[in-house]
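Q: Each protein sequence line maps, in turn, to chains A and B.
So for the first sequence, my numbering puts the first residue at 1; every next one is plus one.
So for the second sequence, my numbering puts the first residue at 1; every next one is plus one.
The hints are simulated quantities; they were obtained by calculation from the structure and are not laboratory data.
Please note: incorrect hints may appear among the correct ones.
Below are the DSS-like pairs computed for lysine-lysine, each with C-alpha atoms no more than 27 Å apart in a straight line [claimed, not checked]:
1. Lys40(A) / Lys312(B)
2. Lys403(B) / Lys40(A)
3. Lys400(B) / Lys40(A)
4. Lys312(B) / Lys240(B)
Far from chain B by the CB rule (all over 10 Å, computed), these chain A residues [stated by the list, open to error]:
5. Glu12
6. Ser37
7. Glu56
8. Asp125
Partner residues are not named here, just some residues of chain B that face chain A (Cβ under 10 Å, in silico) [said to hold, decoys possible]:
9. Leu123
10. Glu124
11. Trp189
12. Leu399
13. Val404
14. Tyr416
In this text the structure is predicted, and so the values were computed from the model without any measurement.
From the three backbone atoms N, C-alpha and C, an ideal C-beta is built for every residue, glycine too.
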Amino acid sequence: MGSRASTLLREEEIEEIKKETGFSHSQITRLYSRFTSLDKGENGTLSREDFQRIPELAINPLGDRIINAFFPEGEDQVNFRGFMRTLAHFRPIEDNEKNKDPTASEPLNSRTNKLLFAFQLYDLDRDDKISRDELLQLLFIPCHWLCSALCHLGCFYSEPNRRNQDGTYLNLSNKLLN
Amino acid sequence: MTDLCEGGMDDLWSITTLLLQVWFSVMIGLIMIPAMFGLSLGVTSVYIQILVKILEWATLRIQRGHRDRPTLPVPAPLPNGLIQREGGSMEQEMGELRRYRTQSISRGEFALSDSFYFYRKGLESIVDDQVTQRFSSEELVSWNLLTRTNHNFHYISLRLTIIWGLGVIIRYCVLFPLRITLAIIGISWLVIGTTLVGFLPNRRVKNWLSELVHLMCYRICARGLSATIQYHNKNNKPQKGGICVANHTSPIDIVILANDGCYAMVGQSHSGLMGVIQRSMVRSCPHVWFERSEMRDRHAVTSRLRAHVAAKRNLPILIFPEGTCINNTSVMMFKKGSFEIGGTIYPVAIKYDPRFGDAFWNSAKYNMEGEDATKFANRVKSAIAHQGGLLDMAWDGSLKRDKVKEEFKEHQQKMYSSMVVGKKARDSQEPHTESTNS
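Start from the sequences and build out the full structure, keeping to the hints where you can.
A: Following this line, the structure appears as structure tokens:
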């Protein structure tokens with residue numbers, strides 16, 4: 001199954017992905033193995049159904065949102081580059097990266113980019129704001145429909161959050177995404 | 001001229017017949033007859049020891065080769081999976097997430113950071129999940145001279161290549177014909193022997209002979225696989241009128257188990273060669289073969305099995321409760337059907353040594369549908385997993401083909417709901433009308 005995988009990925013592509021995402025050579029090959037094992041249609045791209053076939057993801061209440069994060073605006077297929085680009089956000093932060101090249105663009109797994117990614121998971125309509133509705137959805141979806149917590153809604157909800165407004169929010173993200 | 005040619009042809013023919021005669025006498029004398037009586041000449045164990053030494057040497061050479069040339073892109077299989085995970089329950093991890101705020105889990109309430117738990121778990125499962133890897137062959141840490149582990153055959157050293165080439169020659173030119181012949185002999189003897197025994201009227205002699213025939217045939221087949229089987233805890237061997245449950249990796253499991261004792265098989269009746277074998281086996285002692293239509297009716301199945309077990313003189317039935325073949329790294333959920341029949345249950349754990357071959361059969365076979373396993377089934381499953389050194393998993397083997405049931409998603413939702421509602425509210429719960437606006 002995975003044994004044919006590395007022959008289909010060319011060296012130049014591996015180098016490009018390495019530069020873009022910061023993953024090491026062996027990590028890229030390993031993740032490519034994983035990509036091909038998920039790709040049941042064997043056409044080099046993953047569809048939403050391919051993701052939903054993972055049982056642990058299928059029972060995750062927020063699974064659909066995570067899957068959507070992989071697909072760029074309006075598209076139904078994600079190729080390996082896109083797959084790696086999304087996964088790159090979750091690499092641990094390396095503190096000495098700043099010294100390498102000040103003119104290069106920020107790496108995908110920098111603190112800011114991680115926060116941006118997390119923010120986009122909440123901000124469904126991509127208008128740079130988290131509205132009341134979007135926040136409510138975050139409560140409804142993971143909760144069972146019988147949940148009586150809905151009656152508590154009035155207590156804790158306030159006005160829409162702005163980006164980078166809440167300092168606590170920043171700390172939480174840092175801790176979690178590392 | 002023609003005389004010379006014919007003479008040459010005759011010589012060739014006589015040489016061939018001589019070789020065949022030698023071949024068959026070696027086979028019968030050195031392999032079949034000892035096999036039939038359960039003895040061993042010890043050739044296989046010596047062969048295995050040599051093979052282990054060679055494999056260890058080969059692995060070291062490959063590792064050394066990689067150290068000298070680090071540009072070779074061979075990913076090493078990781079024992080714990082691709083990523084580092086924090087193994088806590090939902091409550092533990094949520095508690096961690098909420099540490100920065102003043103809320104605790106018991107107070108209930110919703111925190112925006114809760115969703116991070118789900119997001120992280122989701123991403124982790126995309127990169128590496130526990131379930132889908134069970135449906136493909138296990139990855140080995142060392143190379144076993146086959147292509148399964150060495151992702152591309154990279155040239156490491158001359159000696160390694162020679163050993164590999166030797167391995168190919170031995171496997172295809174010596175072992176393969178041997179194994180095929182033994183398999184054919186084993187199966188035909190099974191069919192012929194059981195049919196012959198079927199003509200006998202007497203109960204006791206017939207049973208004894210039938211057991212003998214079965215044992216001999218399975219032993220020959222096992223030799224055909226070059227199998228070395230070690231049985232542990234023989235005092236727990238399944239008795240007549242009992243039910244034997246085991247974890248399932250491959251149809252070879254039957255041969256493995258039947259080498260030590262006789263079992264009544266349970267399964268779907270096939271046509272063709274399998275059908276011939278099944279029908280002849282039934283002639284000598286009762287097995288339980290189901291038509292495809294019968295298998296859908298769980299009550300019919302259970303009552304037939306119950307009738308078989310109740311007749312105390314029938315052989316123990318052999319059931320694989322997982323319902324499908326798993327790759328021998330874990331034990332998946334047991335269907336509860338086998339445990340509703342009654343009778344004594346004898347659990348057996350089968351573990352293959354993955355260095356010598358991959359027994360996992362990736363199949364699209366029909367399997368019985370079942371519901372959630374009862375506690376008993378889970379207990380037996382844990383016992384088997386523990387004994388065989390396998391991973392005990394709560395996931396259903398039918399996920400190989402089907403999607404996850406909605407109830408599992410609801411279960412996650414219920415868990416989270418109880419955390420948000422909090423202990424205080426949970427104790428004094430009253431129905432409220434929901435005021436929603438989304």
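Q: Decide, hint by hint, whether the structure agrees.
A: A quick look at each hint next to the structure:
{"no.": "1", "hint": "Lys40(A) / Lys312(B)", "verdict": "violated (48 Å)"}
{"no.": "2", "hint": "Lys403(B) / Lys40(A)", "verdict": "holds (14 Å)"}
{"no.": "3", "hint": "Lys400(B) / Lys40(A)", "verdict": "holds (13 Å)"}
{"no.": "4", "hint": "Lys312(B) / Lys240(B)", "verdict": "holds (6 Å)"}
{"no.": "5", "hint": "Glu12", "verdict": "holds (13 Å)"}
{"no.": "6", "hint": "Ser37", "verdict": "violated (7 Å)"}
{"no.": "7", "hint": "Glu56", "verdict": "violated (4 Å)"}
{"no.": "8", "hint": "Asp125", "verdict": "holds (13 Å)"}
{"no.": "9", "hint": "Leu123", "verdict": "holds (6 Å)"}
{"no.": "10", "hint": "Glu124", "verdict": "holds (8 Å)"}
{"no.": "11", "hint": "Trp189", "verdict": "violated (37 Å)"}
{"no.": "12", "hint": "Leu399", "verdict": "holds (5 Å)"}
{"no.": "13", "hint": "Val404", "verdict": "holds (4 Å)"}
{"no.": "14", "hint": "Tyr416", "verdict": "holds (5 Å)"}
Violated hints, listed in ascending order, are 1, 6, 7, 11; each of the other numbered hints is respected by the structure.
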